[in-house]
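Once you've looked at the hints, go ahead and assemble the two chains, each given alone in its own frame, into the complex.
The listed protein sequences derive, respectively, from chains A and B.
Each residue of the first sequence is one higher than the one before, counting from 1 in our numbering.
Each residue of the second sequence is one higher than the one before, counting from 1001 in our numbering.
Quick caveat, the hints were computed from the structure, so don't treat them as lab data.
The hints are all genuine.
Within a straight-line C-alpha distance of at most 20 Å, the following computed SDA-like cross-link-like pairs (lysine to any residue) qualify: (1) A/38 / B/1039; (2) A/16 / A/66; (3) A/38 / B/1107.
One-sided excerpt, in silico: chain B residues whose CB lies under 7 Å from chain A: (4) 1042; (5) 1043; (6) 1045; (7) 1050; (8) 1097; (9) 1098; (10) 1099; (11) 1101; (12) 1104; (13) 1106; (14) 1107.
What follows is a list of derived Cβ distance ranges for each label pair: (15) B/1052 / A/18: 44 to 54 Å; (16) A/58 / B/1083: 36 to 46 Å; (17) A/98 / B/1052: 13 to 23 Å.
It should be emphasised that the depicted structure is a prediction, and the values quoted were computed from it without experimental measurement.
The C-beta atom is built at its ideal place from N, Cα and C for all residues, glycine as well.
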Amino acid sequence: AQKVTQAQTEISVVEKEDVTLDCVYETRDTTYYLFWYKQPPSGELVFLIRRNSFDEQNEISGRYSWNFQKSTSSFNFTITASQVVDSAVYFCALSDTGNQFYFGTGTSLTVIP
Amino acid sequence: NAGVTQTPKFQVLKTGQSMTLQCAQDMNHEYMSWYRQDPGMGLRLIHYSVGAGITDQGEVPNGYNVSRSTTEDFPLRLLSAAPSQTSVYFCASSHDSGTGELFFGEGSRLTVL
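Isolated chain B (complex conformation) (with noise of 0.2 Å):
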């Protein structure tokens, strides 16, 4: 079972970079979301989708950018990175909409050197 699928697990940037998280689910969820992880401040939304072709701001969308094309894959752009966007980025996926367990991605460590 590949459930959520983030690649890559760990990247190096330089300042002013672009690069894409990509994340995938196989499980037919509508919901899919991406949330980054920074030490003592838990996990903040970025951005979220309720299906293809719909995505909404989370608390903490600057400097990110998202679409869903399909069903299954949800990729977090990163324009011009900066050393504030250094994070643990996870991807998670819900068969509820907003209100159901969230399946989760293994994370990926993005440094902005």
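So that you can see chain A by itself, here it is in the shape it has in the complex (with noise of 0.2 Å):
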């Protein structure tokens, strides 16, 4: 069965400060997609990125980075330089070639400035 699973679920940390939220999943498909999305106070869900299972490829956009690893089925998002801006919910999600997406529990960030 397909799960994902997020450790953290409440993480606060000082502006300025590197984040790390970790995602950890499950499958059995070779052929999956892995995301994250951003749903901040005002609570609309935002997309943050999509990765596929071939691409193992680390990620940087700005202050965020992504870091894939099959070997360990996680796929890790950084804040650099935590903004109070970053403070969010985030969740971590998977889909397969079932057509259906399975969410993480998601992680709250608070950035304390």
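Structural data, given as structure tokens:
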């Protein structure tokens, strides 16, 4: 069965600190896709990144970076030099060839000024 | 750009009442889906559709019905509301079946008394 685990329920950091949000997934499919979404206090869900199972290259976008490791079934998300605007709930998600998406329970990040 | 539009944004129901959450998208996406978000549970898939006339169940389908008569619309029906259906509901669509980025509506907060 497919499953996404975000063990960190809540994280607090002081502004300008780096923070890593962990995501561990389970799937028996060889083809799958991993995602990160951000949900700020306003409640909307914002897409951050999509990665397929055949592309293990790490990705950097500004202060955001993602580390995909198939060996450990992890897709971790790092925010460098965190800012107050990064305060949000972050969801990791998995989709497989069955057209279904599986979300983790989310990590609530608070950046303290 | 309208994107994904959900109505209503807020609704209060009494146990046993029925209602329909509307979802419409103007991006010509074949894939549409409904999720519920509960505290500590992340987002859970209720139903999804890969095209007009095709629907399927997700992780938590009980108590909900859907239909997909057009590409644009994907309503979610609660036939007999229960307090356990108190939640925030999100509709989402994707241009790439079940593997692409999800575009979410703003959410509908439903309270069942």
